[in-house]
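Protein sequences appear in the order of chains A and B.
Residues in the first sequence are numbered consecutively from 1, following our numbering.
Residues in the second sequence are numbered consecutively from 1001, following our numbering.
No lab work stands behind these hints, which were simulated from the structure alone.
Careful: at least some of the hints might be erroneous.
[Said to hold, decoys possible] Pairs of lysine-lysine, DSS-like flavour, derived with a Cα cap of 30 Å:
(1) B:K1076 with B:K1016
(2) A:K195 with B:K1085
(3) B:K1016 with A:K145
(4) A:K53 with A:K235
(5) B:K1112 with A:K120
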Amino acid sequence: MKLMLCFRPVLRRLYTQKVLFISFFLALLTCPCTGTPLLADESAEPWTAVTYKEWPDSGDYVEKGRDIKAERNARFGIDINSHVDIAINRKILERELSKTLHGGLSPQAKMLRERADQLKQTADSINEVMKSLEELFSLWNKAEKNPELWPVIREKIRAFSTTMGNILETLEKEITERLKARGLDEAAAQEEKDKIMFPVLTNEGYSWSVLTQLFQQEISFLDDELIKLLPEIEKLDIEIYAYLISESGGAKVPVHLPPYNEVKECLPTRVEKLTFHIPEEQMRLYEQHTETVQTMTEAKNLAEALLNQMELNARALEKSITDSFKTAVNAVNNAGDSIENLKYWTVDENIQTWISAVGDDLKNSPQGQKLITSYRDMKTSLIATYNEAVIHIDLLKSYAKQQQVFAGMTPESAMLIILREMRRASYAIKAEDPTMLLPRALDPATWMEQFDTIQKFLDVVNETEQQAPAIVSNIEHVTTEGRNPITDAKNAVNAIRFVQNQLTGIEPEVRSWIGKVLGLPPVLAAVDLEPPATQKRLTITQDLDTLFDLKRICGERKEFDTVRVYYRFFKGSEQLNAGWYNDFQLRLFGWQDDIVAGISFANQSGTSTFKPIASLSWILNKNRWPKILEDGKSGSGVGEWKAIEWFSGAGITTMPLDFDQNQDAEIGFAFTLSFINKKILVGYGANLQAENDPGFWFFSITLLDTPGMISPTVKRNP
Amino acid sequence: MRILDVRDGNKDDIEKGRAILLAEIAHPSKTVLILRGDGPEIARFADAAAGRSDPFPWREVVWVKNNSIFKDGQEKELFSGGNDKSCAVILDLDDTPLVWLSADSNPLQIEKAFLKAGSNEP
């Protein structure tokens, strides 16, 4: 235990840096490079029509199930032995899809939709007002003793009253409108409206459930009216399909989703969480470690033992990075330069100089004017997002830099450099919580948005090229300080595409390996899988509910595999721009055990040397079931892989020892604590054969847990 | 709800009543509904107003049954914004009379009046 206390700050720092590295790779692998997401119309939110209910076969939610709110392209964690009901609210779906239909809505339909949207938005503020009321009560109780709180309370009262007033007023207005539309005169409608609303007011304040229900009811009334005005909605088709995708992204098994497809189901299988069994993979790894330790000598002290462990991990890391990403790194460098060139064109003075230089070509023609407008749009957007884009590029470049720095370095130095670079990157963006900010800075959506902005400008260039080829031909040759915005934009787009191609070419196995090395969740290849052969489309007026049962999927499933459910919509043969997918990461919740093979360094009581020893540890752990949020549902990210489990279980480690020269075979048993997703093991135990001083303690740092990843040839201690 | 009345012109009652009314109005974070008059209709209103005030400590109802409790000109000052039918006035957080209500107001109208007074910016 003393050892852990002594090392905890160091380990924590190392791991924090590792998470930065993880985030960086995550972003690298999910950035624009890996496929095209299904972008929905900006205002349409068809996923709000979908609710999932997970039914695990044991644990906290076995009786009532766990509700999960669908969100666009969100990830959720579900238990590996669950089945999931997918409920689709047709009215909401129809309303949201109506936003994607081209040709425009009639003024009446448009007005109804706006009213429904307004109502929905106001209903969403109910949770917020409930919280503010709670806060207000709590502050009021404190204020009697702290008069300085009164000004704060006044502001809170104002905020609460404004929001609550708006909620009641919106609902009242809507109910009155509806009643009047049904033929009631103003006075009768008011009277009836009051009757409907009275139950909202209670002796305790308000009935939130009645209030929510009234909103839902009015939204539903509006949806009904809207659908009547949109006969074409009834002609829309929906397609839902799903695949079980292995952690590496290599295996993809179609999933039965009745009545959408006739994919074969198999006999139910249950993944046992307490197996008390050594997986073949870990056994192979153990055997490999047994060979490896033969080539290692004792570490003279703790520092050297730690260094040996780091070295084992870093050596494999270095090789894989070099092999896998060599070509991508060059592409990234070019893309960085191209994007930086565009910065020049965000300066007003530069573009004015250029516009003056091209002169009449642009100013005197409508096409030219359009080009200028489009350019200005691009410029505005570029300025807004430029700083973030630079960070993005800097991160990619810092990775490239590591490649060059690695040459001729020892693995441990290389790893320290990686960590330092990542730390620097986090400082550069002034992250309060770098693990959160890094992925956001590298969010593919931000990147794609910028890419789109540049592309839009080029689209106008192309359009102008067709309509007035002379203009483009002329202005492409006009430069300011040797630069031309059209050429720079074209170069940037081409360079980004090249990066995409290079990174997309990386084998899924390599991605998976990097994930394993860094303790990452799997990164799915963001490719759009096509529907299975037996897929059917349903018209959206039918019953659209469906379900999938993990236990009956015809394929082996493991923790961290993912079920991806796709939603697509069609008007005839035309696909609407309203699809999305949801990922369900398979997790083991509740009690479970795990066998971990590792290379440990053991220290016999009374000695100062550390022997490298192959070890097998049985770790028992309880993975808590995901919590349900305050609104009674689980949102995106709930239950999925968490970056760090500081304490990840306890158990027993066995290892062959060689402390006593008089004994042929010695076996050590040690009670073990595991930390950081079972990557660090520490234990204290006894050498069962030792006659004197049987006690020993050991530690093991195992970032690599895949057979074949650690070379049996490691640097010998001098 | 605070009910203020005067027994047979008792000056002490008047003084105490004035002090209470003043203290409630002067509270730094309360919206105060001042109800005037007496009778069955006013009593019904008082019940409804208390129903919308009791759940929230920052709302207060003061029922002034006897108008001699008002200082000279105070009643006029409070109720001049309303009309003849106004039996109640709600003061915002800065003690400014803001909403006037008649005795036939229902709980929903009283609730909205409290919210309006609560949300009023200085």
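Verification of the supplied hints:
Using a Cα cut-off of 30 Å, the hinted pair B:K1076 and B:K1016 holds, with the two alpha carbons roughly 20 Å apart. Taking the CA atoms of A:K195 and B:K1085, the gap is near 24 Å; set against the 30 Å cutoff, the hint holds. The hinted pair formed by B:K1016 and A:K145 meets the criterion: a straight-line CA distance of about 26 Å does not exceed 30 Å. A threshold of 30 Å between alpha carbons decides the hint, and for A:K53 with A:K235 the separation of about 28 Å falls inside it, so the pair holds.
Taking the CA atoms of B:K1112 and A:K120, the gap is about 21 Å. The hint holds against a cut of 30 Å.
Figure legend: structure checked against the earlier numbered hints; every hint is met.
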